[in-house]
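Engineer: From just these sequences and the hints, can you work out the full model?
These protein sequences, in sequence, are chains A and B. Take the position in the first sequence, starting the count at 1, then add 99; the result is the number in the working numbering. With the working numbering, the residue at position 40 of the second sequence is 25, and numbering never jumps.
The hints are simulated quantities; they were obtained by calculation from the structure and are not laboratory data. Be careful, since some hints might not be right.
A few chain B residues that face chain A, going by a derived Cβ cut-off under 8 Å, partial list only [to be verified]:
1. 34
2. 36
3. 37
4. 38
5. 39
6. 41
7. 42
8. 45
9. 49
10. 52
11. 55
DSSO-like mimics (lysine-lysine), calculated; alpha carbons at most 30 Å apart, straight line [said to hold, decoys possible]:
12. A:114 with B:65
13. B:94 with B:65
14. A:104 with B:177
15. B:148 with B:68
16. B:201 with B:177
17. B:68 with A:104
18. B:68 with B:-12
19. A:573 with A:555
20. A:104 with B:201
21. B:65 with B:-12
22. A:104 with B:-12
23. B:94 with A:104
24. B:165 with A:104
25. B:201 with B:165
26. A:114 with B:94
Distance ranges between label pairs, derived from CB positions [claimed, not checked]:
27. A:355 with B:57: 26 to 32 Å
28. B:91 with A:440: 36 to 42 Å
29. B:91 with A:113: 22 to 28 Å
30. B:17 with A:106: 31 to 37 Å
In this text, a Cβ means the ideal position worked out from N, Cα and C, and glycines have one as well.
Chain by chain, the residues run as shown.
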Amino acid sequence: MAKSKYFQEWFSNPKRDIIAGTVVALALIPEAIAFSIIAGVDPKVGLYASFCIAVVIAFVGGRPGMISAATGAMAVLLVGLVRDHGLEYLLPATILTGILQIIAGSLKLGNLMRFVSRSVVTGFVNALAIIIFMAQLPQFKNQGLVMYGMVAAGLIIIYGLPRFTTAVPSPLVCIIVLTGVSIALGLEATLNTVGDMGSLPSTLPVFLLPDVPLNLETFQIILPYAISLAIVGLLESLMTSTIVDDFTDTDSNKNRECTGQGISNIVSGFFGGMAGCAMIGQSVINVQSGGRGRLSTFAAGIILLILIVVMGGLVSRIPMAALVAVMIMVSIGTFSWSSIKNLKVHHVTSSIVMIVTVLTTVLTHNLAKGVGAGVLLSALFFAYKVSRLLKIDSELEVSKKARTYSVRGQLFFVSANTFAEAFDFREVLETVTIDVSEAHFWDLSAINALDRVVLKFRREGTEVEIVGMNEASKTLVLQVGKYDKEGAELDAH
Amino acid sequence: MTKILACTDGSLYATSVYEHAAWASQQMGDYPIHILHMLNPHHEEPLTSDFSGSIGFGARAALLEELVELEAANARIAQKRGKAILEDAEVKLKAAGATQYQLNQKHGKLSAEIDTYERDAALVVLGKRGNNANFETGHLGSNLERVIRSCQHPVLVASRVFKPIQSFVLAFDGGSSSLKAVDYLIQNPLLKGMCCYLLHVGGGNAGIEAALAEAKDKLEAAGYEVTIEQRDGEPEDVINKVVEDGQIDLLLMGAYGHSRIRQLIVGSTTSAMIRTVQIPVLLFR
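Structural biologist: Structure (structure tokens):
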């Protein structure tokens, strides 16, 4: 049964998959080149990576129809490594990233995605879009007004053409037209072209072992990068797979996707490519063009390589202006524009989480840190919100000698203080009853607060009775509580 | 409770499927029939045709909205059509004399989910071809092979028109699926008392002759009228010829004994047989 399902994931939609794969391949070329430039490596590194990753993930991925290749999120993480240590260290870092991702996949860490809230996801894609956009800005340096004109013309083609026809990929038309203009008007002398950015592939990728000493020092250099890369790669891949799930109304295997990302990165590393992951923009393009199966991803990789090897000479003459225009489109398409409108509608804590994720990412150029900050902040906000569910009422008995406090809600480290402060210790009473039947004690701080309350009342000569404690809370009290034990003294803290 | 599972898609063969199911139900002593109609999942065929490769402001939200809208419209039509198919099935079943039946509609692909529905079925009935039957008469229903491959129970592949069944031929090769067919005939009242031709194609040897004789004895003991036939030639041609000559109403055979890979190279006898033979086929895995 599993075998036939896999078969279907490949061949249920072959015609449209191949067409969509072609559209994606055409869009992948400028992206792979652009992301190589961001990372500071030759375009061929990104192109080989995109080919390897797309082809391998088609076989081993968990989400059919999703496109993975060299990405901007990964490229910005590589900048420091390439600048400080050189290309040789990029390849082992890529391989180590793959190994870490396979480990994450086999430990089923994909399930941790549930801790990444909607606001953090929105922050992630927005930060990604901003990073991609900002990475285009250096291309305008020393290029003069012609560059601005060319980019503007490119954007007009990209967004204008689909209004007339959706039969041809408008980014491709943009690249062809701008390249034609640049050659015809002799702009190549002043404007940068892809060829100026480094060498392009002229052959199929070949298997090669990384040219670095295999020692602890190397490991220490690449490990921090590999950890960030692994996290960011998995985050973007899992987010994208959720997006594709929504588009196609089908399920995907998240843990298999983690392992698959790992395998494809290892292959990419051994064939001279950089680390990559799933791409939100490209996956949207794929689904939009009718791609659904594994075949679409596979076709994208194969066609990319064929195009680049056959037309390498022409590709090197593409002006950077065309590439920048395409990347601005990708950035615009990736950004979640509705999130700006939603700032007013959504709860203020959601908006803060989203903005903090964006700011942290843009400042550190590390999406892992951005997501970390976002997740931490959403956890804090959540704890705070739950702590406010605590409600304490009290009732004085007619005799005025006894009072009953009834506690409702969740008691844990955040709400412990509120709890302790809700009691009036100055009141002279013979007995106090604390009814906790609708409360739950979650942790040490909660029990500690209860201890303090009980012991304080005792010191005032008041008898304290606790009623209605549920089993789970009782167990915790038995383990760590003091008030119910002989000779209880108030703790220093 | 076991039952007869009849899968329909409202195509030209649907009526015949209902009638075959009703016939089988009566033969087996008023067995309950479960008519299943699958609404194919919408995402199988992408509906958009936008190759612009350009993504603009709010591309994700816009695409999702577009996909949902298109698919919702299609799904509503499919549901309406499905309802009409089931109503038609009920009329046809009643006319064919079936008394116990239930009608059911599910989302999903038949080939992917048949195993959950056939688990408590004694027999699965399918049409030889599905929708578009007229356009591709040389081809089998797109689902048929995949469904048969995933079925554990015998599958009755209905021909275009139902004819009362008096006699049948069992293509016997001594293999496990033909022995399974013999067992089924002995235990199951579906074809009781009919004329049975035990057909072996290819040269005889001691082993196969003994097996044929044993099968004949067993079947006769169970009340069948058995004739053994041994002929040389290509299985496909011989079986077709026997069917034409002998006024036979039903073919029994083992199904898809070989792997997909072998089948890619040498082709599948099963598919070829189902395609060319003009009578219903009862398949054993």
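Engineer: It remains to establish, for every hint, whether it holds in the given structure.
Structural biologist: Do the hints match the structure? See the list:
{"no.": "1", "hint": "34", "verdict": "holds (6 Å)"}
{"no.": "2", "hint": "36", "verdict": "holds (5 Å)"}
{"no.": "3", "hint": "37", "verdict": "holds (4 Å)"}
{"no.": "4", "hint": "38", "verdict": "holds (4 Å)"}
{"no.": "5", "hint": "39", "verdict": "holds (5 Å)"}
{"no.": "6", "hint": "41", "verdict": "holds (6 Å)"}
{"no.": "7", "hint": "42", "verdict": "holds (5 Å)"}
{"no.": "8", "hint": "45", "verdict": "holds (6 Å)"}
{"no.": "9", "hint": "49", "verdict": "holds (6 Å)"}
{"no.": "10", "hint": "52", "verdict": "holds (6 Å)"}
{"no.": "11", "hint": "55", "verdict": "violated (12 Å)"}
{"no.": "12", "hint": "A:114 with B:65", "verdict": "holds (29 Å)"}
{"no.": "13", "hint": "B:94 with B:65", "verdict": "holds (18 Å)"}
{"no.": "14", "hint": "A:104 with B:177", "verdict": "violated (38 Å)"}
{"no.": "15", "hint": "B:148 with B:68", "verdict": "holds (27 Å)"}
{"no.": "16", "hint": "B:201 with B:177", "verdict": "holds (14 Å)"}
{"no.": "17", "hint": "B:68 with A:104", "verdict": "holds (28 Å)"}
{"no.": "18", "hint": "B:68 with B:-12", "verdict": "holds (22 Å)"}
{"no.": "19", "hint": "A:573 with A:555", "verdict": "holds (20 Å)"}
{"no.": "20", "hint": "A:104 with B:201", "verdict": "violated (41 Å)"}
{"no.": "21", "hint": "B:65 with B:-12", "verdict": "holds (27 Å)"}
{"no.": "22", "hint": "A:104 with B:-12", "verdict": "holds (27 Å)"}
{"no.": "23", "hint": "B:94 with A:104", "verdict": "holds (11 Å)"}
{"no.": "24", "hint": "B:165 with A:104", "verdict": "holds (28 Å)"}
{"no.": "25", "hint": "B:201 with B:165", "verdict": "holds (14 Å)"}
{"no.": "26", "hint": "A:114 with B:94", "verdict": "holds (20 Å)"}
{"no.": "27", "hint": "A:355 with B:57: 26 to 32 Å", "verdict": "holds (30 Å)"}
{"no.": "28", "hint": "B:91 with A:440: 36 to 42 Å", "verdict": "holds (39 Å)"}
{"no.": "29", "hint": "B:91 with A:113: 22 to 28 Å", "verdict": "holds (26 Å)"}
{"no.": "30", "hint": "B:17 with A:106: 31 to 37 Å", "verdict": "holds (34 Å)"}
Hint check: violations occur at hints 11, 14 and 20; the rest are consistent with the structure.
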